[in-house]
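Enquirer: Produce the entire structure from the sequences given, and follow the hints as far as they go.
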Amino acid sequence: MVSPIYLIVITLGAAFLLGLLSERRTELAHFITVLALAAGGLVSFGWLWIMAAEGASAVEIYTAGTKPPFAINLRVGLPEAALLLLIYLTGLMSAIHMKDMLLRKGRRAMAVLLIAIMALAGIIMTRDIFNIFVFFELVAISTGGMVLLSDDPRALSAGIKYLIIAQVISILLLVGIIFTYQATGSLNIDFMKTPELALGGGGTLAFFLLLVPLLVELKPFPANGWALDIYQSAHPAFSAILSAATGSAALFAVDKIMDIGGASWGPVLTGVGLLSFVVSNILALVQKNDRRLLGYSSVAQTGLILAVVGQRELLGESYLFIAGGLLIGHAVAKAGLFYLSDLVKGRMLTNWADLRRNPLLVFAFATFIAMLSGLPPFPGFYAKWELVHALMASGKTGLVVLILFGAILEAGYLFRWFGYLMKRPQSNTPGTLPLRGVLVTMAAALAGWLAAYIWGELSGYDNLLSQTALLFALGFLLIDWFPAKLKNTIAIAGMLAFFWQSYTGYDPIQMIFGIIILVGGAVILLASYHERGQRIGFYPSALLMFAGLAMLIVAEQSFQFFAAWEVLTLGSYFLILRGKNAEPHALSYILFSLAGAFAIIAGFALAAQGQAGFKITALADVAADLAPWVFILLAIGFMTKTAVIGLHIWLPGAHAEAETDVSPMVSGILLKAGLFGIIVLLSNMGSPELYGVKLTYVMLWIGALTALMGNLMAAFQEDAKRLLAYSSIGQMGYAIFGLALMNHLGWLMALMFVINHYIYKSMLFLSVGGVAKRTGTKLMYKMGGLITLMPLSFFVVLIGIIAVSGVPPLSGFGGRWMFYNAILDSENRLPMIIIFISGPIAFLYLFRLIHAIFLGQLKDEHRKLKEPSFWIMVPQVIYVVLLLAFAVLPGMALQKVDTFLNGMFPEGGLNWDGLLITSDYGYWSPVWIMVVTGGIFAAVFMLLLAINRKAQKVKQFNIVYSAERPYRPETTHFAWNFFAPYRKAIWFLLLPIATRFWGGITEALHATAGFMRRFYTGDAQHYVFHLLGFVVGLYLILLGVQ
Amino acid sequence: MSPMMLVLSLLLSAAMIGVAVMAVWPARSTAVAVLAAGAVSLMASIMFLVLAAPDVAMTEAAIGSGLTTFLFFFVLGRVRSGKDD
Amino acid sequence: MTLQNIAMSTGFILILIGLYGAMTHKNILRMIVGFTIAGTGTNLVLIAVGYLPGRAAPILNAAVPIETASATIVDPVPQALVLTAIVIGLGVTALMLAFAYKIHATKGTLDISKLTDLKW
Amino acid sequence: MEFDWIKIPYALLTLFIVLNYGLLMTAIIQKMGARAGRRYGIRFYQNYIDLIKNYSMRSKITHGYMFYLGPVFRLTGGIGLLLFVPTIYGSEMWSNFSFSGDLILALYFVFFGTLGMALGAGESGHPFAALGVSRGLSQVTAAELPFAIAVFTVALQYQTLNFNEIVAAQQGGFLNWTLFTNPFAVAAAMIAFLGMMMRSPFDVVVAPQEIPIGPPTEYHSAYLALMQTNRNIFPIAKIVVYMNLFFGGAGSWPEFMIKAFLLYLVSALVGVVFPRFRVEQSIRFFLIWGVPVAIIGLLWV
Amino acid sequence: MTKHMITFLLLLGIGAIFADLLTGFSADQNLNASAEFYATHTVSDTGAANIVTAIIVTFRGLDTLGEVTVLFLTAAIVALVLSGDMAGGFQVKPRRWPVGELLETGTRLLVPLIALFGAYVFINGHLTPGGGFQGGAILASAMLLMLLADPTRRFAHKTIARIESVSGLFYVFIGVLGLALAGGFLDNRILPLGDFGSLLSAGAIPLIYVLIGLKVGAEFSSIMTSLSESEDV
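Residue numbers (our numbering), protein chains in the order written: chain A, 1 to 1042; chain B, 1 to 85; chain C, 1 to 120; chain D, 1 to 301; chain E, 1 to 233.
Treat the hints loosely; a few may be bogus.
[Said to hold, decoys possible] Derived list of chain A stretches under chain D, where covered just means 3 residues or more per stretch with a C-beta under 8 Å from a C-beta of chain D:
no., segment
1, 795 to 806
2, 934 to 944
3, 975 to 984
[As the list claims (entries may be wrong)] Derived coverage of chain A by chain E (criterion: at least 3 residues anywhere in the stretch with Cβ under 8 Å from a Cβ of chain E; other residues may be distant):
no., segment
4, 133 to 139
5, 1022 to 1031
Since the hints were derived computationally from the structure, they do not count as laboratory data. In this text, a Cβ means the ideal position worked out from N, Cα and C, and glycines have one as well.
Expert: See below:
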């Protein structure tokens, strides 16, 4: 490979060469520019390849034929090569992307671009601090110039502000450099490293003045107003460079400088970085301008990486992996988003809805925000995992909390934005999207996926991008232009095949979940046949969720578990967002899920204590003083997914507003992921105690309260799907309660719940969804009397509600029976009372569901409706059959599990004696119950038929009340506020306390942000105040610490 | 170092500071400020000579006080015709 | 009280005066004047740091022969740095002046506090 | 305990006894209530007449399948409950079909009829029917709370869910009855009992006398007859459950009849004394009085 | 007034830092290792008498390349700023002041002399104080004088641009030659070091300084012409 000095030679030479060209030959000039950048990229790639693949060690490049420290030398090692590649590729893509602008401004603009890139490369390579200064000045000046390549007339004032700040920075930096030189006798970083000694006294302060200006180049809060103004007004392709390339170079410069200062300066970086990370993310919450938002996000991400740089001693070997992962994720995603912003006409976040016209761009956008949020399979995910583990292992919990808090804020505005993109109205004048911009954006997205693969390979874990399940899901991205029906067939076949291939390895519990996820998912997918067209985006999302679930149940290491968890979260988010009015609900879903995931990652990290490849079964061996905390963190994470009371507010909307066939997936299947997590947790950790309280006892209370409140709130919903959603909350509460009992029957009951809930909730969601699709409303009081038009749906719902309510003879009863047996086993009486109270309430909402929809008066506008479409009915019929079968023969599914549970809870199993099932306390014979009930029913029915066979069918309106005949069905259908007396009696339980609480937090954050952003007045002199204030403040703090 | 030198340099630095203050004094016109800045630069180049840095002194004189001042006046001449604030 | 200290203090004071000018004047040109003065001050500080009392300029000639050079000359490195810094300073000043001119041409004002259309 | 064909005739016989007993007993108690109010009251065979009359009414209309099936559900619920619970303690034959399930089955089977009834009434399309269902469900579910807790208390107390074992534990003198071993549980259960019987003060649900409200509004003829049949079976079935759980069960038919009569009388007496509650009042009543008492009972064990 | 107060307080803080630096500063009595090396090795390694020049052109040649680039960049951006299509509403009418006869004649006389002096300064950069930058600045002042004498004068932008580019390219090329023929990028020993103290000594240093001088002169000129022609925007 040619010497890396040629990077500078080529780029600079090309810049000079451009001056020889005539002003008019702009096309040629642009070609030369692109060529030079591409050549630079090629050289960097060559070096990266040599370093990474062939394991070469870093090369030193001497100038002037003299060895350092007497002449400037350059160095290219692995990180340098990677950063150089990043910089050149960013430059190249930006040069292509902003071609029109460059052509308009002529060769000088291109020269400025080339020099900017050259200077960045110089910053990366050089080992001399004054040389760094020179290159920084070049970067600053070229930034001042590149800002002008914008259609926004305000760019001019952004430019002057930046120059003013750059002046202050350079003054401080020069003073810092010369005094550091004086203290160490060298300008070469490697020779300045040595003496703590020499840095003592004035030297420390000198280093402070050296470090702080470089920090300011990273745009830390509060000294960053200028950067935001640039981001807002500059050409986005340049902003991409500023964010991705300049940011990376400045970070690397700080990293280099840290060699001089030593580890004791680490906390300064971490503090400054985290402050920026958290505050910028808060500020971004109220930002409506897309580019300024990206600016805030850039600042935040840089702050995070800076914080990591500050911890580099701690991170040791994994430092490069972590910092690199975060950096690459940030750089690629941010560059991509800036490129995208050029394709959007308006500057409001909501204007991004226009991008929706091109699914490729939606994919790119999703890729970018997933990268930024540190979601799998992207590098940031691996980095976050390692980072949290390292920090937790050394007890830096505070840092973890701050990082995760900032991350959730960031996810908040990013995913809200994605919601805008998917759901907000598009502008009326759709222009054509420029092909070049689309290509560049896609290249960035592709680069992101490539980086994802590389980081997966480097991670030391299984590469997520080589997992069959995930690849299968991602494969649907490639065939998304197929017709939906074909994709549906492929999906079903794939899921069944995957099950067939892997079921032999499952233990009985995994088997239950495996069947529900893969086979059950396939059954729900049958309903998807009713969709016509291509249904773009549905299959990748759905399969992503299923892949995550399938990976979850077989995960052995905490990493695999968590990765699968995030995958399924992401997939289900995309899936939920597809619903027509799902935007706010999908957002709160993803936020709660991510927050829960953060609790999980913290829990695993706390448990692992730095141990790599932590096995889930090793949770059992966690030290006693940590165990309760691990338990709490993990439990919170899992219970967020099952939506326990207080953390439930995301669920009703998310499940209710999802599409017809999506609701059963997320309710019937996805919720089980949380239960699976709790099962894994409890089976490995048992029940640790904290301050003498058994944590499972707390969980018992939570489960009971959830069951009560879920059911209660379900009873007061007017929206049918919301009712079902609240019902799911309650049901999950039951299951958690069962698990938390920590006895044989409790677990058996919970597992039975898993099966039952899957069947009847999928069934109900499908049939209610099908009906809602026909009637065009989900509000129950607007329906009514549909039984005559949709008898099959009615029958399904009838079976469903009998099953849910636990009325014999259907399978719900089995659950209740086991439940009573389980609690007889247990000592926890108070929470049981709550559970008792919640039982009958289930009855209320179930009756309301069937009554308000199918019974009562038929509305005029519904008189011509038909049964929901065939394919929606197919799975329902399957479910009815299953439900009846499971009711009669629960042993089919449960006997094996019962035996399996003997391993954990040897006491209190069931006896499976022919048709009779006996426990220590009671007995139950599902077959006989069915037979007897059926017999009596038949006999009575015969009797009635015998007496009343010639009954005359009359119109529904053939009723009399209040001495008048009703004339409008609307006034005659009693359905709205159906349980008014109940509401009157217990109104205080129905106050939306949780919603108010979370809403209050959100409002408080937004208010804080709204107040704090006034700080950026836009006045350059105020920005100077901020900058100097930052310097002086930091100085005083350090003085105080000393 | 002779005391004479020291006194001279003290005087020089006092002059520099004085002129610099004049340059930032709000009441003065921009033109005076530019000239004062040039003068500071010129005096600095003398100081550089005293500090055994003839190269720097030359550069400061040519670039710092010469060219920069001219550039200022170029721009000043352009904007003066407009509103001066 | 040495020559070095006097020069260095003068340099620092010039920096502060310059920054004061840059931070209090609303006229962009006056701000630039302030920065020029601060830049001059910085250069002075740099040279002062490299100065060794009683030594000669780092130019070898009859008076300063090679053999005794290391004992008779001042540190040349800061001088080299300042040379670079001066030129860079001029570059930045020229650029700012150009910006100032352009701002005046497009917005009709040189008042920095009126350039706040980008904020928050 | 296993199924035997001979159980079917025994079951039918149980049904017959209970139905007749129910018809007579309700009439007598109604008459007692009337006499207490210085009215003449109905004749003791009045119920028979009503039943036969309704069964043989010729005007027969239907609003739809569910309307048609509602009473069937209702009666199945009543009969089922009766047959799933051992009627006479110690007798294999009078235990009927209780081998199919235990206490829990009885507890949940109660809802079977309620559900079917409510559905049937709903399909009538009459708003009052729905209104009645709403009130009824609200009240029943609230009343069910103290009952469920009390039942569970009993199960916990005797460490079994098997009726026979529960009754067996109460043998050997009335002081062994749950009534005396755990009075709070029984008190709570009795409060619930009043609600479940839907007699005054908890009778706003059916309120048949004053206004045409409640599920039976649209029902008539054979449907109403089925419901009337049930109205005579179902309370007694419930009383059987109570008897078994709290009052030492019944070792023979005479004992059964006496205990059933007395228990029924309790609800009637309370009904005579108290005025009617609105639904939210009764819900609050159960929550404020029933549930705490039940909780005390539970903690007592 | 708050602005002044804040400024004052902040500068007080910065001043405290500076004071801290000043009090912590202890002057060296001897040259440090780097300076020592330059003092003893400059002649043998580069053949230049002016150590500062040697440092600038060779040892820290990369800085100087960057420095030249700064000017190039500035010139390009100034041209961009002033000629760009961002012009909006407000147009400034230029006002010309009359040029005296004396100035015009003086200019004609002085310009060649000044140019010559400039050339002298950068050619002798390795021996005496001064060099490419100073010389370039002097060249530019000749240009300035011409501009003052005749403000309407138009310079050949193309020529200036060519000089800028060609000298820049040559500079880079010489740097690469150093890589190929001598010890590394910008090594001046691609040419013989010659006799110490003579004009044609110190390897490529004079050559480089000539290039720098030309380039700097061209760039300053470019900046000035851009500024002077800016009213035509």
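Enquirer: Next step is simple, just say for each hint if it's right about the structure.
Expert: Status of each hint after checking the structure:
no.: 1; hint: 795 to 806; verdict: holds (count 5)
no.: 2; hint: 934 to 944; verdict: holds (count 6)
no.: 3; hint: 975 to 984; verdict: holds (count 7)
no.: 4; hint: 133 to 139; verdict: holds (count 4)
no.: 5; hint: 1022 to 1031; verdict: holds (count 4)
Checked against the numbered hints given earlier, the structure satisfies every one of them.
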